[in-house]
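Residues in the sequence shown are numbered consecutively from 1, following my numbering.
Warning: the hint list may mix true and false statements.
[As the list claims (entries may be wrong)] Mimicking PhoX-like on lysine-lysine, the simulated pairs with C-alpha atoms at most 25 Å apart in a straight line are:
no., residue 1, residue 2
1, Lys38, Lys161
2, Lys175, Lys38
3, Lys38, Lys159
4, Lys153, Lys115
5, Lys93, Lys38
Think of the hints as simulated: they come from the structure by calculation, not from any bench.
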Amino acid sequence: MANQKATAFILDLLQTVVLAFAIFLIVYLFLAQPHQVKGESMFPNFEHNEYLLTDKISYKLGQPSRGDVVIFAAPPDPTDDYIKRIIGIPGDKVMIRDNKVYLNGELLNEDYLGKEAITPPGPFMSEGEEIIIGENEYIVFGDNRTNSSDSRKWGPVQKGKIRGKAWFAYWPPSKVGLIH
């Protein structure tokens, strides 16, 4: 009798572990994935070693939007992931002039940056040069504009390279919450 109870307990435990693993695997592969912020390119909004959950399904059903924080395959090394903010979407005209970003001819309102933030040009986006974003392309910048390798350096990111949208911060505890 005791042997049957032990066997039943072990089978129940094993079934629970297998089910939990299967659910985790489905969520990880298709719905959400954890990512670690590496470096200071998104400071002050995201800090080095902060952990985020990435929504992997939204962009399969819809299009990325201006202002979204996205995780994508890094252009210099596609085996690595970068986190940046979408500044321009397909069809937009983006220009850097006097360390400010202009979108479709108007100064871009970036209330997520401090008032003293500047946006220097880069090798891909020269001072005063207007870039027209192509189909399925996105211009992405780090929030820490003076310390970010982004579209100013290596150009637009293809939609197919975007892994997902950062939607929830879960570490450190002081940063827990939805990402806007």
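Hint-by-hint comparison with the structure:
Distance check on the hinted pair: Lys38 and Lys161 sit about 18 Å apart at the alpha-carbon level, within 25 Å; holds. Restraint check for Lys175 and Lys38: the C-alpha separation of about 16 Å stays at or below 25 Å, so the hint holds. For the proposed pair Lys38 and Lys159, the alpha carbon gap of about 22 Å is at most 25 Å, so the pair holds. Only pairs whose Cα atoms come within 25 Å are accepted, and Lys153 paired with Lys115 is accepted, the gap being roughly 23 Å.
A threshold of 25 Å between alpha carbons decides the hint, and for Lys93 with Lys38 the separation of about 29 Å lies outside it, so the pair is violated.
The structure fails to meet hint 5 from the earlier list, while all remaining hints are met.
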